[in-house]
Every structure is written in C-alpha cells, then in structure tokens.
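*Asks:* If you read the sequences in order, they're chains A and B.
According to my numbering, the first sequence is numbered sequentially starting from 68.
According to my numbering, the second sequence is numbered sequentially starting from 3.
No lab work stands behind these hints, which were simulated from the structure alone.
Idealized CB from N, CA, C, for every residue including glycine.
The reader is advised that the hints may include incorrect statements.
Now the in silico label distances, taken between C-beta atoms and shown as ranges [claimed, not checked]:
no.: 1; chain 1: B; residue 1: 132; chain 2: A; residue 2: 292; range: 51 to 59 Å
no.: 2; chain 1: B; residue 1: 78; chain 2: A; residue 2: 162; range: 50 to 58 Å
no.: 3; chain 1: A; residue 1: 500; chain 2: B; residue 2: 146; range: 48 to 56 Å
no.: 4; chain 1: A; residue 1: 148; chain 2: B; residue 2: 314; range: 50 to 58 Å
Cβ-to-Cβ under 10 Å is the rule here; a few derived chain B residues that face chain A [stated by the list, open to error]:
no.: 5; residue: 77
no.: 6; residue: 81
no.: 7; residue: 83
no.: 8; residue: 86
no.: 9; residue: 172
no.: 10; residue: 232
For lysine to any residue, the following SDA-like pairs were computed, each having C-alpha atoms within a straight-line distance of at most 20 Å [to be verified]:
no.: 11; chain 1: B; residue 1: 79; chain 2: A; residue 2: 488
no.: 12; chain 1: B; residue 1: 152; chain 2: A; residue 2: 396
no.: 13; chain 1: A; residue 1: 353; chain 2: B; residue 2: 152
no.: 14; chain 1: A; residue 1: 380; chain 2: B; residue 2: 152
no.: 15; chain 1: A; residue 1: 413; chain 2: A; residue 2: 112
no.: 16; chain 1: A; residue 1: 239; chain 2: A; residue 2: 488
no.: 17; chain 1: A; residue 1: 396; chain 2: B; residue 2: 168
no.: 18; chain 1: A; residue 1: 503; chain 2: A; residue 2: 188
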Amino acid sequence: MSKTTLTRRGLLKSGIATGAGLAVPTIFTGAAWAASHSGFTNAPGDSEVVLGFNVPQTGPYADEGADELRAYELAVEHLNGGGDGGMLSTFSSKTLDGTGILGRKVKFVTGDTQTKSDAARASAKSMIEKDGAIMITGGSSSGVAVAVQGLCQEAGIMFMAGLTHSNDTTGKDKKANGFRHFFNAYQSAAALGPVLKALYGDDRKAYHLTADYTWGWTQEESMVAFTEDIGWETVNTVLTPLSATDFSSYIAPVLNSGADVLILNHYGGNMVNSLTNAVQFGLREKMVNGKQFEIVVPLYSELMARGAGQNIKGIPGSQNWDWKLENEKGARYVGTNAFVQSFGEKYGFPPSQAAQTCYAQTLLYADAVARAGSFNPCAVVEALEGFEFDGLGNGPTLYRADDHQCFKDVVVVRGKENPENEFDLVEIVEVTPSEKVTYAPDNEMFAGGNLGECNPGA
Amino acid sequence: MDAIILQVLNGLDKGSAYALIALGLTLIFGTLGVVNFAHGALFMLGAFCAVTMQRILSASYTVIDETKTDFLGNPQKVDVPYVEGWFGPDIGTAIVDWSVPLAILFAIPVMLLIGYIMERGLIKHFYKRPHADQILVTFGLAIVLQELIKYFYGANPIPTPAPEVFRGSFDFGLLLGFAENTIIYPYWRMIYFVFSLVIIGAVFGFLQFTTFGMVVRAGMADRETVGLLGINIDRKFTIMFGIAAAVAGLAGVMYTPINSPNYHMGMDFLVLSFVVVVVGGMGSLPGAVLAGFMLGILEAFASMNWIKDIVPGIDQIIIYLVAILILLTRPRGLMGRKGVMEE
Chain A
68 MSKTTLTRRG
78 LLKSGIATGA
88 GLAVPTIFTG
98 AAWAASHSGF
108 TNAPGDSEVV
118 LGFNVPQTGP
128 YADEGADELR
138 AYELAVEHLN
148 GGGDGGMLST
158 FSSKTLDGTG
168 ILGRKVKFVT
178 GDTQTKSDAA
188 RASAKSMIEK
198 DGAIMITGGS
208 SSGVAVAVQG
218 LCQEAGIMFM
228 AGLTHSNDTT
238 GKDKKANGFR
248 HFFNAYQSAA
258 ALGPVLKALY
268 GDDRKAYHLT
278 ADYTWGWTQE
288 ESMVAFTEDI
298 GWETVNTVLT
308 PLSATDFSSY
318 IAPVLNSGAD
328 VLILNHYGGN
338 MVNSLTNAVQ
348 FGLREKMVNG
358 KQFEIVVPLY
368 SELMARGAGQ
378 NIKGIPGSQN
388 WDWKLENEKG
398 ARYVGTNAFV
408 QSFGEKYGFP
418 PSQAAQTCYA
428 QTLLYADAVA
438 RAGSFNPCAV
448 VEALEGFEFD
458 GLGNGPTLYR
468 ADDHQCFKDV
478 VVVRGKENPE
488 NEFDLVEIVE
498 VTPSEKVTYA
508 PDNEMFAGGN
518 LGECNPGA
Chain B
3 MDAIILQVLN
13 GLDKGSAYAL
23 IALGLTLIFG
33 TLGVVNFAHG
43 ALFMLGAFCA
53 VTMQRILSAS
63 YTVIDETKTD
73 FLGNPQKVDV
83 PYVEGWFGPD
93 IGTAIVDWSV
103 PLAILFAIPV
113 MLLIGYIMER
123 GLIKHFYKRP
133 HADQILVTFG
143 LAIVLQELIK
153 YFYGANPIPT
163 PAPEVFRGSF
173 DFGLLLGFAE
183 NTIIYPYWRM
193 IYFVFSLVII
203 GAVFGFLQFT
213 TFGMVVRAGM
223 ADRETVGLLG
233 INIDRKFTIM
243 FGIAAAVAGL
253 AGVMYTPINS
263 PNYHMGMDFL
273 VLSFVVVVVG
283 GMGSLPGAVL
293 AGFMLGILEA
303 FASMNWIKDI
313 VPGIDQIIIY
323 LVAILILLTR
333 PRGLMGRKGV
343 MEE
C-alpha cells in the first residue's frame, strides 16, 4: 500500500523523470520501461496488481454501473486464466496469456461514483491512495469521466474511461493519462446524419431538447452540425435541467414550433421520461409540414430502452456496440460472440454496450502493459498511442495518439417494432464505417484542449 | 393563446401531484404535528404498488419454444402469463393492460397498512421531540425505503403504461376552435387531474361530513380538550396518518403512466411539496391544494421558451421565488392559521 501526496519534492522528481524521459529517444524507452517497475505511483509488487473500478453503484445509473462491474469482473477472471477466456482468444494482440498482467495476479477494488463528480473523485482518490490501484476505469457520465480523468492525470495514474460520450472527454478536457474506447457525440451525429437523410429526407425542421451539461451540449452541437449538413433546419434548441423528471412543459412548445422532428439529446432517466412524454403528447401521430412527425434519440442505451418500453419502437439512435453485431454483420466484428457467450453463461443475459467498452478497456490496458513490459503510466501511454487492434467486437480499431480517442465503426440502431424477447430491443439499421466518423485532431468541436505530458506520479 | 392554454393544462396535472402530496403532508402535520420527510417516499411506494401489481398480473410460467433460439443459441424460453392460461389470451392480455387502475385496489390497503406501521412503529416515538429530530428520522426513513425499493426493483425506470384505450391524446384545440393538432393533451393526464380532484374532494368530504372527520378536526384545533372528553384521539390520528399515506400512495399509483417510476421519484417531489405546504400555509388543507395547483401552473409557464429567453433558468427557481414573495407578504402562507409552528 502506498500513499500518494503531491509534494514539492514529488513534483520535482516527477518533473525530472518526465524531462529525462522526453530527452531519451523513443526507440530506447521501450527497453528502459521494461527494466523498471518502480519510480511511478503505486508500482505493484511481484505477486499482484490492483485495478480500480469506479462505477455508479448507487444513484440513477446504478443498473448500468452494475453491468459495467460484471464486465470488469469477467475481464479480471479472464486475465487471471479463469473462465473461457472471452475475447482473449479473438483479440488481435496475443500478449495476454491468462497469467495476469506481467505475471502478477490481477486484483481489483471498486468505488461508487454515485454519478456525481465529487463522489467519483473521492472514490478514485481512495482507491489510488488506500488500495494502491495502478489504473482507474469506469463511469457512466461524461461529467464524472472528465473529473476523474483530471484527478488521475494529477496523481500519475492511468484512466481508461468507461461509458462517456461527450466530445470534451477527448476534446477540450483530454489528458495524456486518459484513454477512451467508447465513441463520442460527434461520431454519433456523423453516423446518424446520412441515415436520417435516408429515413426522413433532406427537408426537415428539427427541434432539440438538450440535457444541460457537458455531454448534452456537445451532443446538441454535433447533431445540429450534421443535420444542417444534410439540409435540415434547426428550429430551436432548448436546454433542460438534468434534474427534470416531467418534460411536458418542454414538449408542449414543440407542438406549435413548426418542427417536424424532435431530437432528444437526453440520456438515462431524462431520455426515458422525455421520450415517454413526447409519445404521450401524440407527437409521433402528428403530421407537420405534410410529413409524419419523427423523434430521434442520438445516444441509445439498451438498459434505458427497456425503461422506455414500447415508446422506443421505431426511434433511431446510435450505439458503440451491440450484442447481435457479429451474427448480423459478420466476422468483421469478431469477438462479439465470444464476449456474449462468456458474459451470458456467467450472468444469464447479454451484455450492454457499457459492459463491452469496460471489458475492452481492461484488456487494452493489460495488453498495453504487457507490450510495454512495464506498469509505468508513461510506458502504457506510449504503448496505447497509435495502437491498432481488432477482435474486441468493434472491428478494426485505432487508438489515435493525438487525442487518445478510439476510432471504429458506429452502430446505427432503431427500436424494434416486434421484439422477440426482453433483450431484443433494438434492430441494427446500419454500421457506419470508421472512416466516415473520423475527424481531424484539430476539429473545432474538440478544440481548446491539450493532452499535455504523461504523468507517472511518485 | 394556444401555448398559454397548453401550459395551464400542463400545470394542472403537475399541480395535481403537488396538491395530493401536500394534502397528505398537511394532514399529518395538522393532526400529529409531525414534519414528515418520508412523505415523498410514500408517493414512491404507491407507484411501486402499481409496478408490483403489474408484476403479479404478469407472473408467468416458462415454456420452451424449440423453433426459436435465445441469445446463446439455446432453445428459446417463452414466458406465458398465468392469467392468459386461465382466462385465454384476450382477457389475460386485457387484465395485464389494466394493471395500473387495478393497482388502486391493491394500493389502498397496502398504503393504509404501511402508514399504520410507520406511525405506530416509528413516528409516535417522536411526537414530543423537536421538529429537527422528526425531520432527521423521517428523512432517514425515506432513504431506507428508497434503497429497499432499489434493491428489489433496480435503479432504472420501469415502464408502467396506462391501459391501451387511454394511451392517446385529446385534441383540445378543435374543441376551442383552434386548428387541428394545436392543443393536444394526453388522456391519462386528464384522468390524473380528475382523479386528484376526486381524492381531494373525498378527503375534504370525509373530514367535513363524517363524525370521525369532525372529531379529527376538533383534535386538530384542540387535542387536549378532545382527549379530556374521553375520545381516543391518538388512535384517530393514527388512522389519519394511514389515510394520508394512502392519498400519497394513490397519487403515486396514478402517476406511473405519466413518468416511469424509479426509486428516486419521491425525493424529486418532496422538496417542492414542502414548499407547497409552506406557501399554502402550515396546517391548512385548502391552502395546500390551492398552492399545489398554483405553483404547478406557474412552473409550467416559467418553462415557456420566450420567458426563459428573458430570464434564463427561471423555470428552475420560479417556485422558490414565489415562495419567498408570499412568505414576505404573508408570513403564514396563503391560508395559514395563527399559532401553527409559531411557538
């Protein structure tokens, strides 16, 4: 157990270490990392290494957090050689062999984010300082992810983001020690734009209701840009408080706004309630401008779709991954079935996209450590930057060095009209290839941030 | 004009929920003198009575459908509700479809019982304690209740739809001479408003026109004297606590088709309902109802886009602003009585 406190001496040491690291040509650093298992925060001993899973265990996203935790536990089991190995057998990198990470048995501690930034930072800090966690991962909210990512950067700990969809996580708030596997608001909008044009045409008037926090703002900005790109007009954009439960007062003005599409930039309970209210007010039966009124939910979640019940039928949206992907879209998405089999056998139901991204992040971290030959965060960052991989269910994927964002295919879905069972809630409309959702690192929607230098801490 | 009518309608259904919860709160405060922070949790428990009823009616047995496979490739297990087996698919489906209205019958005895147990088991020990103690213990109870619900039902909202026949919406615009689709209002929200009026009327009628109600009103005015007359006023107040719990519970049952219930929904209403009680006047039943509807409508108006353009964020603070104004000008609230919470 080691304790991390930022002292003047520690800062000087870190500065010297970082400076020395930067001064050495990259070609030498891989070998140098391999030789060193100290000089960074929470350097593990020879027998075990501790990972910190920071997920919402209480609060409105507790069910999603529970699914994330299931995936993390499964990943740890597989890393330690248990179970059927899951996606270890399909992962394109073959450094992981079921003997833990670099020969150390993987242990884990958990924290409860409560979907609150301050609580999430406190639990992450506790796992770093009291439990000696070498890596923190998890989250079901962008506000939380940005806060914990900042903390990990300061502490010299790796942060492998869970479910966070705001552009800011790998945009203006990106950090060198943070990596995101999940897709983002820009990618959702880029994938949805052409599909919406094909479904509803290019002459539409859109009204946005948007959750008033970092994710909502970037989701709205992205959707406005891409829908206007296909010829749609934006009639109005209205921010709704995150705490809102009844959206009837926000839905009512939509009726007389002249809009014929309602875009709900909402997630979780907000999405369930706003969609339910919109359907109650008969928006989906309404004809406006000679067209059928339509509703769009840019970010889907299977768990939330279950909450919305029948109201979700026919509503388009996007996902990072879907458990039916390999069966319906073929071997490009290899790893999906292995993960679904492994998860389904253990827990009795298919995994959510949150579970998949968390499982993948754990494997990606372990693999990066193995390839780098060191737990030193700077070595891991170097191993992950520009890393191209496959076999984790999303098809060929790149971890871009410029912003630590994963680039991979995006799944466009629709609420299924006639689900065959309680897990069969969405149908895959299209899978948008990675190149269609890739943007330049200096894209204006991601402007203002700076990765900075990796921080090994200690 | 159409937008204003629509927001009035929106305010009425929101106000209905505030009024029903505030009515129960006021009943408890007026009779027992207890500041009950667990009252939002009673609203939530009522909503989960509807969820429970839906689950009971949907209780199923499993059959294997060899022609289909599940997500793991095994033969598909299909759940068939018992009611469909007993009454046939049509009647069985209709029974499940009507689970929310049927839940009213289930919720009344359950909520009365919960209220009774709550009062006898916990609240009665805090009658003579300061209000701060009552707030702490009832708030703690609310957290325990919501965590219990989360443990058994999960954190996600659970869809509890209205019967199919009430799922559409009514075109008020046509009725008032506006163009088609101008003022649309969901049937269930209309039902909720009418239902709340019926419940409020029933509570007032019960207190006004029955002997039991007369004794309770007398007890609210002068508990000691009523006790000296040989009436067991404590027992009557316990029953009133049960009735207040049932009112909150019924408000929760009927609210489930408006917003899918989740374990936190009671807390979402609690603070606002207390503001409603204070604005209406502590201990005043008509005040609670009046303030409930008034603040519901004000909140709906403050959500109009052109108002928010002038004062951003006004929809979030309007209720509190009005509460401050009213308390500054009428310190006892709209219909508050002298001597209540003033010692």
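*Asks:* The structure should be examined with respect to each hint, and the outcome stated for every one.
*Replies:* Comparing the hints with the structure gives:
1. For residue 132 of chain B and residue 292 of chain A, the Cβ-Cβ distance of about 57 Å falls inside the hinted range of 51 to 59 Å, so the restraint holds.
2. Against the hinted window of 50 to 58 Å, the Cβ-Cβ separation of residue 78 of chain B and residue 162 of chain A comes to about 39 Å, which falls outside the hint.
3. As the Cβ distance of residue 500 of chain A to residue 146 of chain B is approximately 51 Å, the hint placing it in 48 to 56 Å holds.
4. The supplied range of 50 to 58 Å is met by residue 148 of chain A and residue 314 of chain B, whose beta-carbon atoms lie about 57 Å from each other.
5. Hint on residue 77 of chain B is violated. Least Cβ distance to chain A is approximately 12 Å, over the 10 Å limit.
6. The criterion of a C-beta within 10 Å of any C-beta in chain A is met by residue 81 of chain B, whose closest approach is roughly 9 Å, and the hint holds.
7. Checking residue 83 of chain B against chain A: minimum C-beta separation of about 14 Å lies over 10 Å; hint violated.
8. Of the supplied interface hints, the one on residue 86 of chain B is violated, with its beta-carbon coming no nearer than about 17 Å to a beta-carbon of chain A, more than 10 Å.
9. The restraint placing residue 172 of chain B at the interface with chain A holds, with a minimum CB-CB distance near 9 Å, inside the 10 Å limit.
10. Because the closest C-beta pair between residue 232 of chain B and chain A is about 48 Å apart, greater than 10 Å, the hint is violated.
11. Taking the CA atoms of residue 79 of chain B and residue 488 of chain A, the gap is about 9 Å. The hint holds against a cut of 20 Å.
12. This hinted pair does not check out: residue 152 of chain B and residue 396 of chain A have alpha carbons roughly 37 Å apart, beyond 20 Å.
13. Between residue 353 of chain A and residue 152 of chain B the alpha-carbon distance is near 37 Å, which puts this suggested pair outside the 20 Å criterion.
14. Proposed proximity of residue 380 of chain A and residue 152 of chain B is contradicted: the alpha carbons are some 26 Å apart, above 20 Å.
15. Using a Cα cut-off of 20 Å, the hinted pair residue 413 of chain A and residue 112 of chain A is violated, with the two alpha carbons roughly 31 Å apart.
16. The suggested pairing of residue 239 of chain A with residue 488 of chain A is violated, with an alpha-carbon distance near 41 Å, which exceeds 20 Å.
17. Between residue 396 of chain A and residue 168 of chain B the CA atoms are separated by roughly 40 Å; this puts the pair beyond 20 Å, and the hint is violated.
18. Proximity of residue 503 of chain A to residue 188 of chain A is assessed by CA-CA distance (about 35 Å); at most 20 Å being required, the pair is judged violated.
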